[in-house]
Structure formats: C-alpha cells, structure tokens
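Residue numbers (the numbering used here), protein chains in the order written: chain A, 1 to 201; chain B, 1001 to 1255.
Accuracy of the hints is not assured; some may be wrong.
Listed below are the simulated DSSO-like cross-link pairs for lysine-lysine, each with C-alpha atoms no more than 30 Å apart in a straight line [unchecked claim]:
no.	chain 1	residue 1	chain 2	residue 2
1	B	K1090	A	K92
2	B	K1090	A	K199
3	A	K25	B	K1040
In case anyone wonders, no lab produced these hints; they're calculated from the structure.
Bear in mind that the values here come from a model prediction, so they are computed numbers and not experimental data.
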Amino acid sequence: MIAILDYGSGNLRSAERAFELTGQKVVITSDSETALSADGLVVPGVGAFGACMDQLNAIGGAEIIRERVSSGKATLGICVGMQILFSSGSEKGAHQGVGIFDGEVSLIAAPVLPHIGWNSVSVATGSQLFAGIEDELFYFVHSYAAKSDPSLNSGSKVTTTSYGERFVAAIERGHVSATQFHPEKSGNAGARLIQNWAKSL
Amino acid sequence: MPLVLAKRIIPCLDVAGGRVVKGVNFENLRDAGDPVELAKLYGQAGADELTFLDISASVEDRSTTIEMVSRTAEQVFIPLTVGGGIREVKDVDQLLRAGADKVSINTAAIANPDLINQIADRFGNQVLVLSVDARRAPTQSGFEVTTHGGRKSAGIDALTWVEEGIRRGVGEILLNSMDADGTGSGFDLEMIRAVRAISSVPVIASGGAGKLDDFSAALDAGADALLAASVFHFGTVTIQAVKADLTAKGYSIRL
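My request is simple: use the sequences and hints to build the entire structure.
Shown next as structure tokens:
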C-alpha cells in the first residue's frame, strides 16, 4: 500500500491516480500510523518552503519521515516535498528542513524564473528511479532548488539538471528518494519513474 | 543530450459547461465535445501542457467545469492550466483542488490587480498565469491591453501591465495578440520581442499560428512556449509536425 501524505499542501488527486497506475492500493492520509506503516510514503508539496514545513509539522510529518528513513521504509518526496528533506531553505526567510539530506534550498540563479517546463537530467550512476528513462525529459515548476555540492551527500545518488546553474533534479539514498520535478505530471516518463519506485517496495 | 529547458507547445481548448465548444475537427474521436477525450489525444500527440479556457457564462456551468477539470486531471498526466471565470481566490482554490496545476487570470486582474497578490501569496507565483489580450495602439510601448475579446481598450499600456503583473507575483505571461488572433498569418513577433525584453518570467505567445514556420519564428522572437487552438483543432498542422520542425531547426524540444 502506498500512502500519499496529506498535510494541506496541494492537490493530491492526480498524484493518487498516477500512483494507482502501478496497481498498488493508494491512500491519501494525514494519519501518522497509516503513514508510518505504508509500504511506500509519498510526500508531495507545493508553495513556499517555510509554509510547507509549518503544515508538515502540524501533523507531525517531519517525525514520520525521520522514523521511516531510519527504519528503512520507502519514502519519496516530490517538488517542495523534496526540498523540505534538505537541511534548510531560504525562501521567504531562513527555515529548517527535515534534514534527511545535507544542503540548502535557495533561489536558482537564472534570468527567467520560475523554471517551468520539461528539462532533461544528468542521471546518477546506478539510479533505480531512472532505470530505462535516462534520456527522457521531466516537468519542473519551481524557483528554488537544492544546489548540488559533490562534497555533501556523498552516500547519495544525485541526479542533476541545469537551468541557469546546476541543481538537484532527484536524489536517492537507501530507501529514501525524491524528485524536484513532478513525475505525476511528466507523462509516460513520469509514469515509468513511479513504476520504478513502486517496484522497490 | 544537452541540458536545456525545452520550448513548450500548448494546445488550447475553449469549453463551456464542461464541453468543448469551438470547432474541433479531429479524427479518432468518439465525441468531439468531450474535453477529457480531446485532452487525452493531445497528450498522446505530444502536447507539453494543456490549457482549458472556460467561456461559460453562467454560475451553474462553473461546477460542471470543476468536474471536467477533475476528470481530466485524473486521466491526463501532463500539466493543466485553466483560465476564464476566475474572480476571487476561492475560485483558484477550487480549480487547484480539482486538479488544475495552474490558473490564468485576465479581466478580473484588470478590475482588481490586488487579486494577483492574493493568489500568488496563497498558492505561490508558479500557479498563476497572467493572460494579456493586447493589440497595437498609440500607447507608450505601441501595445495596449484590451478587454471583451479585443474589442475594447482597457486604457492600459501592455508592457506597463506586464511589468505590474510580474511585480505583483504572476509566474508566467500568456501574451495573446488580438490583431493576429484567428488570422493564421503568424504570431505578432514585434509584440513577443517587446514583452520578452522586459519580462523576468516565462512568456507564452498566442494568436496567429497558421503554418509550420510561424512556430519557429515566434521562438526566434523569444517566446518560451507557444499556445495555439484552431491550427491544431483542424489539423492544419499537427503537434508532431511542429515539434519535428523545431527540432530540425535546433530548438530543444520534448519529442
């Protein structure tokens, strides 16, 4: 069973349908027991970093994520749901993240923002998420991003993209993974990524 | 593959009461009035996003529109923008909950520019597209904003309005040329250049697409994305043909 964490951030219906295509049962939940016991947990997120963290903390979401990561249960962050897994964010003031990955989420250095549309990615060696879809494009919509410093997250598989500068498009470490782009909005390529993730459950 | 953001091709569907109402002449379609079927077909044909323009006149039609958005979002896994009839923040909330990824606003923002700030503050600027119906006029920039489908002047310079919209928090500009709209004689390239020069957000060009070369010309002028309706609905050119042509011309395109 896949649980999509409902903490008041964004529309979850299309995510629900996209994950249902894997054949798994999908529930949308804010209940911590359900979120803890699910085979896979999806952490979505739209809006500003700080607002998302506040909403996540209101349902004890940071603890749920930490507990799942430490017990090796599959967890997938999407968009701001990826960003909040990093140490901190600088959107509309300084904010603490959940701190699963090291690094700061900051404004992308590009003349035209938001970064909206389909971009290619430079896939990390050994990535499970991108198996068979290394050359596909994925749908991004954001102005802030986790910057990829190779010295950080040395145990992680970091897939990057570039728009003005290089930043994290996806990150995988053990049973926790995350994408800056929206797999649920990335057509067939996104469906394949979701399938790749679901197969690991 | 070079890491370059792809230029987007966006078909636009006019809907009222949950049905596609402008002429659509598509093969392999059981029901040409069903937006979900058409959305699926365009998704399969390689559309990078879809835009629904709700031209419903009545309040009752709004709930039908919400339902249509919901059905589409559950079956079509590319981004969906919905415009038309958005008057207040709660309209945006409803559409996003139903599964829209972005909303576009036009008339209501002209009447009440604070609406832009309210929507951007609540949902983030990435959800908000400012739709600007502009035409040539003796204003400061040479372009003015119109209302009523280009028939009336709004009394605002188009570039001034674009700058204000961006300052207030819109995430994209949908630039509709009311002079070019429906003519099929090409996008208004001067207008695209003028807006691109002052815009710090992506610019979607609209109005005038009639043949293959029109699309690359608009990208050359600086558009980040291209929106078209009739030319796709009637199969004058297909999305695949546009994308093949742009790829051959060296643009980064999602195939």
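Taking each numbered hint in turn, which are not upheld by the structure, reported in ascending numerical order?
2
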